[in-house]
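Visitor: Throw the hints in and build the complete structure from the sequences for me.
Number of protein chains: 4
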Amino acid sequence: SDLLTIGGKTFRSRLMLGTGKYRSAEEMNAALEASGCEIVTVALRRIDLDQPKRSILDEIDWTKYHILPNTAGARTADEAVRTARLARAMGLSDWIKVEVIPDAKYLLPDPIGTFEACKVLVEEGFVVLPYINADPVLALRLQEIGTATVMPLASPIGSGQGMKTVEQIRIIIDQATVPVVVDAGIGTASEAAQAMELGASSCLINTAIARAGDPARMARAMRLGVDAGRDAYLAGRMPTLPYASASSPLEGIVR
Amino acid sequence: SDLLTIGGKTFRSRLMLGTGKYRSAEEMNAALEASGCEIVTVALRRIDLDQPKRSILDEIDWTKYHILPNTAGARTADEAVRTARLARAMGLSDWIKVEVIPDAKYLLPDPIGTFEACKVLVEEGFVVLPYINADPVLALRLQEIGTATVMPLASPIGSGQGMKTVEQIRIIIDQATVPVVVDAGIGTASEAAQAMELGASSCLINTAIARAGDPARMARAMRLGVDAGRDAYLAGRMPTLPYASASSPLEGIVR
Amino acid sequence: SDLLTIGGKTFRSRLMLGTGKYRSAEEMNAALEASGCEIVTVALRRIDLDQPKRSILDEIDWTKYHILPNTAGARTADEAVRTARLARAMGLSDWIKVEVIPDAKYLLPDPIGTFEACKVLVEEGFVVLPYINADPVLALRLQEIGTATVMPLASPIGSGQGMKTVEQIRIIIDQATVPVVVDAGIGTASEAAQAMELGASSCLINTAIARAGDPARMARAMRLGVDAGRDAYLAGRMPTLPYASASSPLEGIVR
Amino acid sequence: SDLLTIGGKTFRSRLMLGTGKYRSAEEMNAALEASGCEIVTVALRRIDLDQPKRSILDEIDWTKYHILPNTAGARTADEAVRTARLARAMGLSDWIKVEVIPDAKYLLPDPIGTFEACKVLVEEGFVVLPYINADPVLALRLQEIGTATVMPLASPIGSGQGMKTVEQIRIIIDQATVPVVVDAGIGTASEAAQAMELGASSCLINTAIARAGDPARMARAMRLGVDAGRDAYLAGRMPTLPYASASSPLEGIVR
Chain A
1 SDLLTIGGKT FRSRLMLGTG KYRSAEEMNA ALEASGCEIV TVALRRIDLD QPKRSILDEI
61 DWTKYHILPN TAGARTADEA VRTARLARAM GLSDWIKVEV IPDAKYLLPD PIGTFEACKV
121 LVEEGFVVLP YINADPVLAL RLQEIGTATV MPLASPIGSG QGMKTVEQIR IIIDQATVPV
181 VVDAGIGTAS EAAQAMELGA SSCLINTAIA RAGDPARMAR AMRLGVDAGR DAYLAGRMPT
241 LPYASASSPL EGIVR
Chain B
1 SDLLTIGGKT FRSRLMLGTG KYRSAEEMNA ALEASGCEIV TVALRRIDLD QPKRSILDEI
61 DWTKYHILPN TAGARTADEA VRTARLARAM GLSDWIKVEV IPDAKYLLPD PIGTFEACKV
121 LVEEGFVVLP YINADPVLAL RLQEIGTATV MPLASPIGSG QGMKTVEQIR IIIDQATVPV
181 VVDAGIGTAS EAAQAMELGA SSCLINTAIA RAGDPARMAR AMRLGVDAGR DAYLAGRMPT
241 LPYASASSPL EGIVR
Chain C
1 SDLLTIGGKT FRSRLMLGTG KYRSAEEMNA ALEASGCEIV TVALRRIDLD QPKRSILDEI
61 DWTKYHILPN TAGARTADEA VRTARLARAM GLSDWIKVEV IPDAKYLLPD PIGTFEACKV
121 LVEEGFVVLP YINADPVLAL RLQEIGTATV MPLASPIGSG QGMKTVEQIR IIIDQATVPV
181 VVDAGIGTAS EAAQAMELGA SSCLINTAIA RAGDPARMAR AMRLGVDAGR DAYLAGRMPT
241 LPYASASSPL EGIVR
Chain D
1 SDLLTIGGKT FRSRLMLGTG KYRSAEEMNA ALEASGCEIV TVALRRIDLD QPKRSILDEI
61 DWTKYHILPN TAGARTADEA VRTARLARAM GLSDWIKVEV IPDAKYLLPD PIGTFEACKV
121 LVEEGFVVLP YINADPVLAL RLQEIGTATV MPLASPIGSG QGMKTVEQIR IIIDQATVPV
181 VVDAGIGTAS EAAQAMELGA SSCLINTAIA RAGDPARMAR AMRLGVDAGR DAYLAGRMPT
241 LPYASASSPL EGIVR
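Chains A, B, C and D, in that order, are what the protein sequence lines are.
Okay, so the first sequence: first residue is 1 according to my numbering, each after it adds one.
Okay, so the second sequence: first residue is 1 according to my numbering, each after it adds one.
Okay, so the third sequence: first residue is 1 according to my numbering, each after it adds one.
Okay, so the fourth sequence: first residue is 1 according to my numbering, each after it adds one.
Among the hints, a few may not be true.
As the list makes no split between identical chains, a pair holds if one copy fits it or if it spans any two.
Said to hold, decoys possible - Each computed DSBU-like pair below joins lysine-lysine, with the alpha-carbon atoms no more than 35 Å apart:
hint, residue 1, residue 2
1, K119, K64
2, K164, K119
3, K64, K21
4, K105, K164
Keep in mind the hints are simulated off the structure, nothing from the lab.
Please read all numbers here as calculations on a predicted model, not as lab measurements.
Guide: Structure below.
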């Protein structure tokens, strides 16, 4: 009953997975299964369009997962727009995760290019999920033009540094009218739980699972972490106190 | 198969619960059940020894939980020792959680008094679980004299401030030959997960569950958080990187 | 000899002050003096253009300070551009601190509007100092179009939350070709020192001084903090070690 | 007029320096001078007692500094007590910095052994400055038996990890009746400032200066940092706000 709704579709799982960096297709599929995820993102550039050889599309049972093509590799708004159109033309999906990333060292998204690409794609009828830095005003402006989510980063892609943008994500959530998906930087399960406790609607995780010692076990840890954080958020946490507070009354001690 | 062993007994759950501060016995029992815990701690001073009226001992189905009496309220080693002896004489248990807390504002444990009480109680054959500040040398000395665990605090009792002693707990775990139970200060599920990811063997939680908006749901969140953290620890997390690292190869983009 | 150069001018002090929120003109002037600052920012909207009554411009001895008009209150690029032109037309300065802030609750800057305003103002020959969220790609794009600095925030204006954007500011500095001025959110002297230790060129501080118990003393604290951080940065700090390292050789003890 | 008083002596400087790890006596003396310190600690084991060759005692102009012998290298209370007695017998000082450190990896102090040594030495009339983990109850017990200060660590000796024990040090200061000297772990100037802003009376620093690229410059940075933090503490910092707060009134904008 606690469902996630994006672009008119509903999902039971609040954990989305990426498909890069796995050591094998078997390991990837074991992780997808253990994670309980329903949405899986795929970089369009990893799909070889002209050749008959096996691509990422053939490795995954798409009857079980909702595909979310992404524009990874696009450095400008134009490149992102063209990638999205191609994904739709191929019949993959009219959902698109917009990534506009000009720089290869930090892989941080360009707010100007991302905003431009989203404007075009929303007008063309795409369900647009933009990957952004944790900038609350950018998030506001994107939801105002009609994106289906906002996807702020926790820390740089693939860094595993965890929740380095807590205060900004807190503000984004406070102002959100669309689901907030924390995307990039989560390195371990407690960080996924922390994102959900802030009130995020979902987490998208790739490297932390693919590069764990045991990806399937880490995928399960992430599923548990997301569920733990969501439950804690809905349960309503105790107030944080500056001092201690005895667990039981102080009278009655044996002296 | 991933069992916790303390004092010769084995447990499947790595979450221990306290029994103070619940709004009702029903709420407490619902939380105990939702948590999946097997060890429950009770302050001996909350047991009315002379009177027939209903005490905390009557509220809980002790066929389902292992009782861990504690010396909450003891301000000196002597008081703690006397409380432990009384608990054993009553037939409650020869396990004892040692708390020696001289001060009511911060409720922090006394290292000198705790060490003295533990020395006496270990010699008298108790299974001793000392509650301590996150002091690695104190933890070393306690395990050397034969305590069954060490129980360092995350932050002051009942404060919900979370993991404020991460670096010290990391050292305690690195040096431990007995289970390390993080006790006091955990406020929400991600913090329980974080404790387990550091390599703690268990968490003991009271106020964060009892004072949550919905205690049973928070108890479930804590169970999931402990399991998530344990799985993440065993899976082996990705290395944390100072920079970003692309989730998929950078060639092949649509330009 | 360790000078700060902005827009062709050089400064000895690396601390800039704002002029809002002081309890009196005397208190403000005492703080300006104690801070040793050379650049002082003034909101153009606080200057009453038509009336003869005393404004902020009359309160400060402008022979001692370089004035930096700002566009505080502008919610759009257009409003910011008009404010800058007005400041120049009045003969105040062709320097302009660009603030485009659509929202009154968090007072965070709009990346899209800020970028647009800066493009126009750089082309019109202004020396442009944009106030931005700590977004490394936005900072890159602004310096590429010719802004004289970038001014990322540490945390929301007037919040005193300190350095909440450390990792992003670290990246901004790593990529910078213009001075990086940490602006907004610094609450106390150690935070100014921390900004400088990251390699920032300067700090701009207002509320933390104006709202301190003793503004002049806090102004001096900030001056010392900026100098301390700059010296530490230039001295080159020791490496951070995961373990301890004895201060002196371990042989020779009295046993 | 803002003087530090320890054991009946008053000092203007709130920065104490150690003497280990310098690359040369010249570098050490330049750092001592630049730091403005008045109290300098020396490990007694570094003083060769029987031989005529030059020791650390000959390198420093003791007419300018107050010597504080320490018991570095002592692993037990007995060894610390013997070292203190020897220092007094040599005519060095009846001040003693008590370090009881059983372990060479983390170099953390033993609370039990430290307490025992201090009890003996206070009774023998020494001015006792104990180095301790940041344990508030241990600090309380030590000041109760008559130590002249308490010296909690920020993080492990020589690690440069900075203020990892903030919350515990805050409590120690809240309860202190003697000067609190933050000792060990400070890695850079902002961290010294932060310690002073918490209300510490003084900082003792060694490795962060001795192992800086330019020790004399870092010594100056530390002096400035300590002064900045002390001024900020005395000035009274602004409250930290969860939201933003405009630096100037919001009316009057050019629209």
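Visitor: Work down the list of hints and note, for each, if the structure agrees.
Guide: Results for each hint:
1. For the identical chains of this complex, K119 and K64 are intra-copy neighbours only, at 31 Å inside a copy versus 48 Å across copies, given an alpha-carbon limit of 35 Å.
2. Taking the shortest Cα distances, K164 and K119 sit within 35 Å of each other both inside one copy (28 Å) and across copies (30 Å).
3. For the homomeric pair K64 and K21, the shortest alpha-carbon distance inside one copy (21 Å) is at most 35 Å, but the shortest distance between copies (45 Å) is not.
4. In this homomeric assembly, K105 and K164 come within 35 Å of each other (Cα to Cα) both inside a single copy, at 18 Å, and across copies, at 22 Å.
Against the hints set out earlier in the document, no violation occurs for any number.
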